[in-house]
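**Q** Let chain B serve as the given structure and place chains R, G and Y on it in line with the hints.
Protein chains in written order, with our numbering: chain B, 3 to 182; chain R, 3 to 182; chain G, 3 to 182; chain Y, 3 to 182.
Fair warning: there could be bad hints in the mix.
Said to hold, decoys possible - Subject to a maximum C-alpha distance of 20 angstroms in a straight line, what follows is the list of computed SDA-like cross-link-like pairs (lysine to any residue):
# : chain 1 : residue 1 : chain 2 : residue 2
1 : R       : Lys86     : R       : Trp148
2 : Y       : Lys86     : G       : Pro42
3 : G       : Lys86     : Y       : Leu43
4 : R       : Lys86     : B       : Pro42
5 : Y       : Lys86     : G       : Leu43
6 : B       : Lys86     : R       : Pro42
7 : R       : Lys86     : R       : Pro42
8 : G       : Lys86     : Y       : Pro42
Since the hints were made in silico from the structure, they are not lab data.
4 protein chains.
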Amino acid sequence: MSSVRTPDPNPGWLDEDDLREARRRLPMVYVQAVPVQLDPLGCVTDVGLLLQPNETGELERSLVSGRVLYRETIRAALLRHLEKDLGPLAMPQLPASTVPFSVTEYFPHPSETGYTDDRQHAVALNYVVAVRGECSPRADALQLSWLTPEEVLGADVQAEFTGGRGRLVEQALAHVGWGR
Amino acid sequence: MSSVRTPDPNPGWLDEDDLREARRRLPMVYVQAVPVQLDPLGCVTDVGLLLQPNETGELERSLVSGRVLYRETIRAALLRHLEKDLGPLAMPQLPASTVPFSVTEYFPHPSETGYTDDRQHAVALNYVVAVRGECSPRADALQLSWLTPEEVLGADVQAEFTGGRGRLVEQALAHVGWGR
Amino acid sequence: MSSVRTPDPNPGWLDEDDLREARRRLPMVYVQAVPVQLDPLGCVTDVGLLLQPNETGELERSLVSGRVLYRETIRAALLRHLEKDLGPLAMPQLPASTVPFSVTEYFPHPSETGYTDDRQHAVALNYVVAVRGECSPRADALQLSWLTPEEVLGADVQAEFTGGRGRLVEQALAHVGWGR
Amino acid sequence: MSSVRTPDPNPGWLDEDDLREARRRLPMVYVQAVPVQLDPLGCVTDVGLLLQPNETGELERSLVSGRVLYRETIRAALLRHLEKDLGPLAMPQLPASTVPFSVTEYFPHPSETGYTDDRQHAVALNYVVAVRGECSPRADALQLSWLTPEEVLGADVQAEFTGGRGRLVEQALAHVGWGR
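In isolation and in its complexed conformation, chain B is listed as follows:
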């Protein structure tokens, strides 16, 4: 009897098992975005942080972040992850250049870069993305908070990041002129 499965629409992509295996063998390409709101002069007034449960159920601050798929451009991956995390009406303004403000290298712990990801070696290209619309975070993100740069750089909020991601937001804010 022949198979009645729907043909895989993207035969080039990996199933979950193969992907788990590949993550132990190859660096993965990621994009990460720090969503911001800008005033008319382009100054950052607010930074959007997600609050998500991690694998052990604890709440953690996180950024928009996700994998670049086979044959997907960086821009398309960035837009896909922004829409997934901030909702379809967020109106993210993708940057004109794909040059990131920083590149983060996540390694399985312990890491020589200070950035860790237990699952994999990931090379992430990081962007500051202005958002002009209404954000409605998806179901599995408990909350999207807009904080001022001062709040984000404060010790309280910095303590809610893991894997070095607090430092990443610091770099993003340094890039746009902020510092402690």
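**A** Just chains R, G and Y now, with coordinates in the frame of chain B:
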């Protein structure tokens, strides 16, 4: 009899004579913008070029460009010149960072940088600025044309720039991923 | 009977077959370097281009380029490929920042980015790297030529690049202030 | 009786009085450098900070910093100030690109940017510059200290900066991948 002149609202600024003199003694700070239109993925679809008469009445392609005044921020100067050249409804999206894509050094001719400005030594910080509104160029710019990146990089349009400004637009397009 | 094979020193890495397979399923992380010589003021005087036979034996201009391995940092990959292509005495001066001057996305032909690589989808981080020592290209690169920026931008040399790599060198030169 | 004064070798430059006056009327162009030592992979191992007496005789941490003169290129100004502050044998490796890692706008106090300079409005282009030789700070800098990035980011050292310069070094370190 005492003077009845309105007091100078900005006593720190220079009058025309002093400014002409200062231009022969000090480098001037400039901002320049390459206005672009972006598709939803952030790719440049169109580049805005001004067509202006130069001092001898000849028409020349030019960019949004102007001086940073005493006590004016780079962002305020950029917005002021964009609104002056593109009109009040252009809705320019100022970049989150003031790091320019390139720095141009104009010297009185002959110049070791290849960029010339007969009037002065100017250090210009250059930005690519996305424009989302309706542009209505001011009176003394005869025309604002939106050209595709391919058209801008073509030999015909490049020949209509002077002072090295064609190379500047090339750099802007290289920065956003374009090239010949 | 127990196996007498030497244990795989890098069990996380892929063998040739698995790598070929992964290249059809996942974007690969690459680093690319444009080797340059600088004068004391930091101006590019010469650009190093490799001349290599491609798969059909034809000679092609190429850049220093190679894959980032599992658990290898970008900096380590960059140094490894520079030493492999330019020899052990090249003394490349790795940049203080890992922010690339551009990111190139190679796709199997035909490509929406204009950059093609028949074997794979690769995301390449590109750097300009100053070289201060003596270069001795490895056996399978027939030649390393140091050309002036003007020569590199000339139509003759540009015609010897494939896969969009001529545009990449153009972007590198635009980044350091050169243009046609 | 005719003057026997040596003719001014640079008639375009300003004398002290005129310069003081200009500083109250026009933004000045500055370059600033954060001197660093790099390991073979390009990672910053040490940051060079100057310790100088300020106008009231108090000691302050400072960076290599100085004005761009009329008809002087950014690169020439950068090299001149590096040699003046670090000595003739410092062997600074000027960057291939003049794109700064950040632009700092100093205003007379109080300042909307957070960076202050009582004397003037200055627009400073900031660079991280690798130094490979022997540094011997000039007479009026009491000391050049090489500190680790961790030391520089510590509260003790940060307290020894004024005018916002501590934040500038933080931005420089964020640019090369460091953070608190």
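**Q** For every hint, state whether the structure bears it out.
**A** Status of each hint after checking the structure:
1. Lys86(R) <-> Trp148(R): Holds. Lys86(R) to Trp148(R) sits at ~17 angstroms (cutoff 20 angstroms).
2. Lys86(Y) <-> Pro42(G): holds (16 angstroms)
3. Lys86(G) <-> Leu43(Y): holds (15 angstroms)
4. Lys86(R) <-> Pro42(B): holds (16 angstroms)
5. Lys86(Y) <-> Leu43(G): holds (15 angstroms)
6. Lys86(B) <-> Pro42(R): holds (16 angstroms)
7. Lys86(R) <-> Pro42(R): violated (27 angstroms)
8. Lys86(G) <-> Pro42(Y): Holds: Lys86(G) and Pro42(Y) sit about 16 angstroms apart, inside 20 angstroms.
Hint 7 from the list above is the single one not met by this structure.
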